[in-house]
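Got chain U; can you put chain W with the ligand on it based on the hints?
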Amino acid sequence: MVGKTLYDKLWDAHVVRTEEDGTTLLYIDRHLVHEVTSPQAFEGLRMAGRPLWRASANLATADHNVPTTDRSKGIADPVSRLQVETLDQNCNEFGITEFDMHDPRQGIVHVIGPEQGATLPGMTLVCGDSHTSTHGALGALAFGIGTSEVEHALATQCLIQKKSKSMLVSVDGQAGNGITAKDIVLAIIGELGTAGGTGYAIEFGGDAIRALSIEGRMTVCNMAIEAGARAGIVAVDEKTINYVRGRPYAPKEDVWEKAVKVWNELHSDENVEFDHVVRINAADIKPQVTWGTSPEMVVAVDARVPDPAEERDTVKREGMQAALAYMDLQANTPVNEINVDKVFIGSCTNSRIEDMRAAAQVAKGRKVASNIKLAMVVPGSGLVKKQAEAEGLDKIFTDAGFEWREPGCSMCLAMNADRLEPGERCASTSNRNFEGRQGQGGRTHLVSPAMAAAAAVTGHFVDVRELEGGVANG
Amino acid sequence: MDKFTSLKGIVTPLDRSNVDTDAIIPKQFLKSIKRSGFGPNLFDDWRYMDTGEPGMDNSTRPLNPDFVLNQDRFKGASILLARKNFGCGSSREHAPWALQDYGFRVIIAPSFADIFFNNCFKNGVLPIVLDASVVDQLFNEVDASPGYQLDVDLDAQTITTPGGNVISFEVDAFRKHCLLNGLDDISLTLQHVDDIKAYEQRRRQDTPWLF
Ligand code: SF4
Numbered sequence: 003m004v005g006k007t008l009y010d011k012l013w014d015a016h017v018v019r020t021e022e023d024g025t026t027l028l029y030i031d032r033h034l035v036h037e038v039t040s041p042q043a044f045e046g047l048r049m050a051g052r053p054l055w056r057a058s059a060n061l062a063t064a065d066h067n068v069p070t071t072d073r074s075k076g077i078a079d080p081v082s083r084l085q086v087e088t089l090d091q092n093c094n095e096f097g098i099t100e101f102d103m104h105d106p107r108q109g110i111v112h113v114i115g116p117e118q119g120a121t122l123p124g125m126t127l128v129c130g131d132s133h134t135s136t137h138g139a140l141g142a143l144a145f146g147i148g149t150s151e152v153e154h155a156l157a158t159q160c161l162i163q164k165k166s167k168s169m170l171v172s173v174d175g176q177a178g179n180g181i182t183a184k185d186i187v188l189a190i191i192g193e194l195g196t197a198g199g200t201g202y203a204i205e206f207g208g209d210a211i212r213a214l215s216i217e218g219r220m221t222v223c224n225m226a227i228e229a230g231a232r233a234g235i236v237a238v239d240e241k242t243i244n245y246v247r248g249r250p251y252a253p254k255e256d257v258w259e260k261a262v263k264v265w266n267e268l269h270s271d272e273n274v275e276f277d278h279v280v281r282i283n284a285a286d287i288k289p290q291v292t293w294g295t296s297p298e299m300v301v302a303v304d305a306r307v308p309d310p311a312e313e314r315d316t317v318k319r320e321g322m323q324a325a326l327a328y329m330d331l332q333a334n335t336p337v338n339e340i341n342v343d344k345v346f347i348g349s350c351t352n353s354r355i356e357d358m359r360a361a362a363q364v365a366k367g368r369k370v371a372s373n374i375k376l377a378m379v380v381p382g383s384g385l386v387k388k389q390a391e392a393e394g395l396d397k398i399f400t401d402a403g404f405e406w407r408e409p410g411c412s413m414c415l416a417m418n419a420d421r422l423e424p425g426e427r428c429a430s431t432s433n434r435n436f437e438g439r440q441g442q443g444g445r446t447h448l449v450s451p452a453m454a455a456a457a458a459v460t461g462h463f464v465d466v467r468e469l470e471g472g473v474a475n476g
Numbered sequence: 130m131d132k133f134t135s136l137k138g139i140v141t142p143l144d145r146s147n148v149d150t151d152a153i154i155p156k157q158f159l160k161s162i163k164r165s166g167f168g169p170n171l172f173d174d175w176r177y178m179d180t181g182e183p184g185m186d187n188s189t190r191p192l193n194p195d196f197v198l199n200q201d202r203f204k205g206a207s208i209l210l211a212r213k214n215f216g217c218g219s220s221r222e223h224a225p226w227a228l229q230d231y232g233f234r235v236i237i238a239p240s241f242a243d244i245f246f247n248n249c250f251k252n253g254v255l256p257i258v259l260d261a262s263v264v265d266q267l268f269n270e271v272d273a274s275p276g277y278q279l280d281v282d283l284d285a286q287t288i289t290t291p292g293g294n295v296i297s298f299e300v301d302a303f304r305k306h307c308l309l310n311g312l313d314d315i316s317l318t319l320q321h322v323d324d325i326k327a328y329e330q331r332r333r334q335d336t337p338w339l340f
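Line by line, the protein sequences give chains U and W. Residues in the first sequence are numbered consecutively from 3, following my numbering. Residues in the second sequence are numbered consecutively from 130, following my numbering.
Here chain W stands alone, though its shape is the one from the complex:
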């Protein structure tokens, strides 16, 4: 997994609540058996004027000029500012894959859906929960100043605004550790093979129907 330590980047505001995983990456792209290449189809229905299908040349498709991702001032953004319950809906990890492939490494919202939140950490994407009022304030600031950037420091658990305002955020200690060091969950778990085997042995006795 990619490490995440700190990042300074342009912020794209996505001003809708309950953005679901179908919107983040529509189902027709889930037919891929690969893990990469989803970036061009991130928010496909909103981003393009036509209907996207796998295998299309996305560079020649008509863009929706009203959609934020297509606006020049947000080119090269790496931080997505969103509203409540971001990532609700399906468990598809294609959603964080698409966000990451596009270039987003940080998503800030007042709340996230559980499975999506979890999937982000497994892919080197940092989801940050901030108070709705703070998120509101950030939306206003982004709106008011083109080129708006935030400075995110995972180790210090802070976000610094261009005006020098420092906002702290919470992050689960274990997840932070994994993200800072780019650790792979499976190898961590496999350090406990003996525990798993002992557990299985006990359960085979007590609940044989499960084996």
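Chain U extracted, bound-state conformation:
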């Protein structure tokens, strides 16, 4: 018998029917909903007079437009406010559970799914958001969809899909001390390129991935989309099961036992063939910093900004030149001489409790540098915020001169009031450094939470492992 990849197993378990050409009706176990990509879908249902297929499969929250400052005053921008209120109304009308802006469990959709146990191993999970790949860290098949598909999922609990090809990205060996999941995934994207994963579902494996916590694996899977892959997955192991145990939506008692048996099978069979395999040596990975306007434009912190003159491919060279012009950088500048204006620690890539802890370790006993106009920490959910406060992390941040905010997407894409002004340079733990992503004319450098904190306290990029006074290992 031919073995199956984890992706095959997840796919096969959810096939409702397949046409001859491979077009498949795929069942969706969980649908996460947020305010930006859902209003037109609900409107579509209403216009066609279609009911919701299964309300309990959906979970909603408002995250993109919500303010990260005092919420008791509501949302100042009337356009944002209308979108958030529209979600509240739609959830009410269709009977969908929503963690609204004032709910203590509210947060970024990709943080609250796993946190609530609403994301479970073996599930198919979709959301009208490309970073839905995050949830694959729990051994689920999770991918982002557009609004038409949001409507399709609401109306039928299924999607029309074709199977992707399978890729294994194996990060072999052990990553060095102080190397985080973010550095690993940026290094992977640097290797694959932003389109290297197009058409594939990527399984992340290898010792260095196994060694990551579930939260670290979420950071890796989160950015699978930045390599072009719709889905990133990691096999289930003890850590996965321990992570899920006891969460509000997780199964209980005998059902739990039954589920664990099924979940323990969620790994690729030995010697199975992938369509494509990429191997990366974990020991070679250093702290990463992006220098351009695409996540693949990334180098190690001890490197220099690349020189387009050395690129032979014309299209690539022109892309590099345009990126350097936009970023206002000179080729060959050492990365650790680049000063930043703002620091953003947050987003669905890096706003979980571990990320807060990693940044706090660096911030502890230090002060935000005088050239930094704003350093903000935005926890991924109300529960992350509460936990961080219980551990005193908020105090560490505010003592150091960081702002400690309410949960949401915030300056990851600047749909709310948090944004870069034209020309400002930001060290950001988010996932996209596209032109204008964090505010028109803003310049984004993607880094890990520890590296962002290190940039905040020194005013420029620096290898966090070489910070004077060191960083406590935790």
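DSSO-like mimics (lysine-lysine), calculated; alpha carbons at most 27 Å apart, straight line: (1) U:165 <-> W:132; (2) U:167 <-> W:305; (3) U:369 <-> U:397; (4) U:241 <-> U:6; (5) U:75 <-> U:397; (6) U:288 <-> U:369; (7) U:11 <-> W:326; (8) U:164 <-> W:326; (9) U:375 <-> U:397; (10) W:305 <-> U:165; (11) W:132 <-> U:164.
Coverage of chain W stretches by chain U, computed from C-beta distances (three or more under 8 Å per stretch; other residues unrestricted): (12) 161-170; (13) 179-187; (14) 247-258; (15) 297-311.
Hints were generated in silico from the structure; no laboratory data involved. Just so it is clear, CB atoms sit at the ideal spot from N, CA and C, and this is done for glycine as well.
Frame of chain U; chain W with the ligand shown alone:
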């Protein structure tokens, strides 16, 4: 959904790779709860000299004369010629909505990002993948001849150049069928209600924690 069968139209070349959905339609316009009206803000950051916000009167905003969409020779274009990995980034369907609202019905590129590619078909926009060398050639031809038009025939899966050159392209059979007939996915799926119910029943037994 709008049908797509064939189209002859002016081609606008957008000579950059990795054009992302933030560039196609910047996030401030995603606050709309409507499905239409995004055309004037297509490529907003590149197209205008000022910062666009929802609700502005776009007709009075200063245009960037260097941006292709603002050049007279490409007025009324319905075909966008692009470079690799077009539409990367977010899942926002506002991107194809904006392209379609502006008047683009065909996008030709050497490669597309998956979610964007998929979203196009749901909105009557045909994304066509051609070899990078063929795309290169088209860029040269567009550049050389003002008023350059292509003739796209979905049924025959061909593109005809003004010089009479016929280029064939691949398209998924199911998607082609839906586009040619303007079919709505949801009604297609709802023809299989019994299958979905049977599946759910089986899964309720085997994996009760999912319900
Ligand atoms: S944090 Fe950023 S990437 Fe994540 S869902 Fe929000 S806007 Fe999207």
